[in-house]
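S.K.: I would like the entire structure built from these sequences, with the hints used as guidance.
If you read the protein sequences in the order shown, they are chains A and B.
Taking our numbering, I'd label the letters of the first sequence as residues 1 to 336.
Taking our numbering, I'd label the letters of the second sequence as residues 1 to 336.
One should not assume that every hint holds.
Because identical chains share one entry, a pair is satisfied inside a single copy or across any pair of copies.
[What the hints assert, rightly or not] Simulated crosslink set (DSS-like; lysine-lysine; CA at most 25 Å straight-line):
{"no.": "1", "residue 1": "78", "residue 2": "188"}
{"no.": "2", "residue 1": "176", "residue 2": "3"}
{"no.": "3", "residue 1": "277", "residue 2": "250"}
{"no.": "4", "residue 1": "149", "residue 2": "188"}
{"no.": "5", "residue 1": "312", "residue 2": "167"}
{"no.": "6", "residue 1": "250", "residue 2": "220"}
{"no.": "7", "residue 1": "49", "residue 2": "94"}
Hints listed in this document are in silico derivations from the structure and should not be mistaken for laboratory results.
Protein chains: 2
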Amino acid sequence: MKKIAIDAMGGENAPKAIIDGVLKVKSELPDTRFILFGDKEEIRKLLPKDQINDQLEVVPTTEVINDEDEPVRAIRRKKDSSMVVAANYVKEGKADALFSLGNTGALLACGIFIIGRIKGIARPGLMPTLPAQNSDRGYNIIDVGANAKSKPEYILEWAQMASYYAKKIRGVENPKVALLNNGAEDDKGDELHQEAYKLLKESDLNFIGNIEGNELMTGKADVVATDGFSGNIALKSIEGMSSVLLHSLKDSLLNNGLMTKVGALLIKNAVSDLRSKYDTAKHGGAVLMGVNAPVVKTHGRSNERPIYYTLKQIDKILDEKLIDEFKQNFSNKKEN
Amino acid sequence: MKKIAIDAMGGENAPKAIIDGVLKVKSELPDTRFILFGDKEEIRKLLPKDQINDQLEVVPTTEVINDEDEPVRAIRRKKDSSMVVAANYVKEGKADALFSLGNTGALLACGIFIIGRIKGIARPGLMPTLPAQNSDRGYNIIDVGANAKSKPEYILEWAQMASYYAKKIRGVENPKVALLNNGAEDDKGDELHQEAYKLLKESDLNFIGNIEGNELMTGKADVVATDGFSGNIALKSIEGMSSVLLHSLKDSLLNNGLMTKVGALLIKNAVSDLRSKYDTAKHGGAVLMGVNAPVVKTHGRSNERPIYYTLKQIDKILDEKLIDEFKQNFSNKKEN
Numbered sequence: 001m002k003k004i005a006i007d008a009m010g011g012e013n014a015p016k017a018i019i020d021g022v023l024k025v026k027s028e029l030p031d032t033r034f035i036l037f038g039d040k041e042e043i044r045k046l047l048p049k050d051q052i053n054d055q056l057e058v059v060p061t062t063e064v065i066n067d068e069d070e071p072v073r074a075i076r077r078k079k080d081s082s083m084v085v086a087a088n089y090v091k092e093g094k095a096d097a098l099f100s101l102g103n104t105g106a107l108l109a110c111g112i113f114i115i116g117r118i119k120g121i122a123r124p125g126l127m128p129t130l131p132a133q134n135s136d137r138g139y140n141i142i143d144v145g146a147n148a149k150s151k152p153e154y155i156l157e158w159a160q161m162a163s164y165y166a167k168k169i170r171g172v173e174n175p176k177v178a179l180l181n182n183g184a185e186d187d188k189g190d191e192l193h194q195e196a197y198k199l200l201k202e203s204d205l206n207f208i209g210n211i212e213g214n215e216l217m218t219g220k221a222d223v224v225a226t227d228g229f230s231g232n233i234a235l236k237s238i239e240g241m242s243s244v245l246l247h248s249l250k251d252s253l254l255n256n257g258l259m260t261k262v263g264a265l266l267i268k269n270a271v272s273d274l275r276s277k278y279d280t281a282k283h284g285g286a287v288l289m290g291v292n293a294p295v296v297k298t299h300g301r302s303n304e305r306p307i308y309y310t311l312k313q314i315d316k317i318l319d320e321k322l323i324d325e326f327k328q329n330f331s332n333k334k335e336n
Numbered sequence: 001m002k003k004i005a006i007d008a009m010g011g012e013n014a015p016k017a018i019i020d021g022v023l024k025v026k027s028e029l030p031d032t033r034f035i036l037f038g039d040k041e042e043i044r045k046l047l048p049k050d051q052i053n054d055q056l057e058v059v060p061t062t063e064v065i066n067d068e069d070e071p072v073r074a075i076r077r078k079k080d081s082s083m084v085v086a087a088n089y090v091k092e093g094k095a096d097a098l099f100s101l102g103n104t105g106a107l108l109a110c111g112i113f114i115i116g117r118i119k120g121i122a123r124p125g126l127m128p129t130l131p132a133q134n135s136d137r138g139y140n141i142i143d144v145g146a147n148a149k150s151k152p153e154y155i156l157e158w159a160q161m162a163s164y165y166a167k168k169i170r171g172v173e174n175p176k177v178a179l180l181n182n183g184a185e186d187d188k189g190d191e192l193h194q195e196a197y198k199l200l201k202e203s204d205l206n207f208i209g210n211i212e213g214n215e216l217m218t219g220k221a222d223v224v225a226t227d228g229f230s231g232n233i234a235l236k237s238i239e240g241m242s243s244v245l246l247h248s249l250k251d252s253l254l255n256n257g258l259m260t261k262v263g264a265l266l267i268k269n270a271v272s273d274l275r276s277k278y279d280t281a282k283h284g285g286a287v288l289m290g291v292n293a294p295v296v297k298t299h300g301r302s303n304e305r306p307i308y309y310t311l312k313q314i315d316k317i318l319d320e321k322l323i324d325e326f327k328q329n330f331s332n333k334k335e336n
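M.R.: Structure representation (structure tokens):
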């Protein structure tokens, strides 16, 4: 039986959203066991007793890591936090994957320092799947901020892992891999990106060259490799712009008189089309690639829906034995 | 009389859009002379003879720098191109500012190598004014790609110039300056950004700390300082996301049946509200800050409207004697 360790206390809607998500997905994944870590009383209030069985277990913990906590210090000091105890379950082989909606930095630290990186991987990288204009399967971008400082070899390894993920988990045949850069030409960028370009070109990846920020969400590339700093800026700029635009549109629709409000009702289908096209939830959470088990994060403000999809995503990662594959492929490499 | 040298051959709609923009703005700026550089015949066809007078001059040139041209090589080889001849006019004091819609790299090269950087400025930086959710005056971001490689001192100088611009040209009192970084906390980022943070904090700027990609377009900061690589990624990600979303919304409105189309008509006011709120044209073009004259670029696909606004922006930069101010403030600094 596959076993997923779930931090039930992370995120704005914890533990309710997490419990709801687990209850929603449970019957679809009969070969998977969900282990919830968190406040026993709070969880019991929300979880009908008859739901606790072979497929659903609760491990009581007494502490919670908050968004304000300094990540590395938090995982050292809050030994009995839901996140840390869950991570230790994975480390000790009592669970196969770790899922949290909590403090991203702390979760990365749990992945890197408790669960540990795969031998041969220099630096784990954080990889979400984002929606794209011309592809229902979206695209992967890695690293979006696990590393403030990157080297060309890291970028190559991230691209290799993400390409494999795109193939196995998203079903993209021969994924097109691009490098996020400040121009399209081969020689663009600083030394880091020029070197990364060379490594990607020499690799056996399906490398299609540089991609610029404005092409990210078109779906031109299935996998975008980037240094962790720029990747973080790109991801947040995209999220921020789309949030600002959609809020402003909503404001405009509500503040332009009655006929506009009628119009807003009439375009409901179109808006829900748009929503489903750019629905980030359906692709699951962001995966910390390069550690000894799937470590997956979704937005802290998620409700049960993204949690449902992320649990299915984790289950698929376990089915496809992604980590074993990485261990095999990278363990023979020299350590950097 | 102020004199603006205008590359009439750059951009998709050249020379028509440029001539139209000049004719539109001319009467509002009676103390300014517009010098158009480009193909004599093409310009004459579009420009009524009686318009050529003290306020409007045409300087015939025989070559054009294309978007495909390698910038530095192009400005060396195409000596009689509209852009290079215009730049030389500025260098020789026959014009006070340079404006083009053409090849951005070539225009930056004209600014840096022909017009020359201001003594005391280590590296000129490219600075657009972008629309913001909570401010009609938008915000400035610098550098968005003139430099692939940045140093902390460059970022400080860019912030200083942009802050002065925000005050004098955009009328923002005590502009709030932020550093684009991968997190909000003081110690975020790589060495470059940690060092830049310190320099900004020690400066006499109104520094409000780090800003993340998702906060850029909220208007939280009046001036965003960034290394040129990340700034380029952020700018293009924002542009790309907004273009993809607006196109997708349009598609959805057209492909969801008759009632949706009726709805689309009814929300026209709301959409035009939104358009005017996020209208990039009204803020003018991107300024190469740190060279001996205003060098300004607008989008290659611009029609007369952005050109009109950019010419007014350039005129204001000349009125406010921005360059003299920079020369005075930076010339006493040690060269890096």
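S.K.: Which hint numbers does the structure go against, in order from smallest to largest?
M.R.: 2
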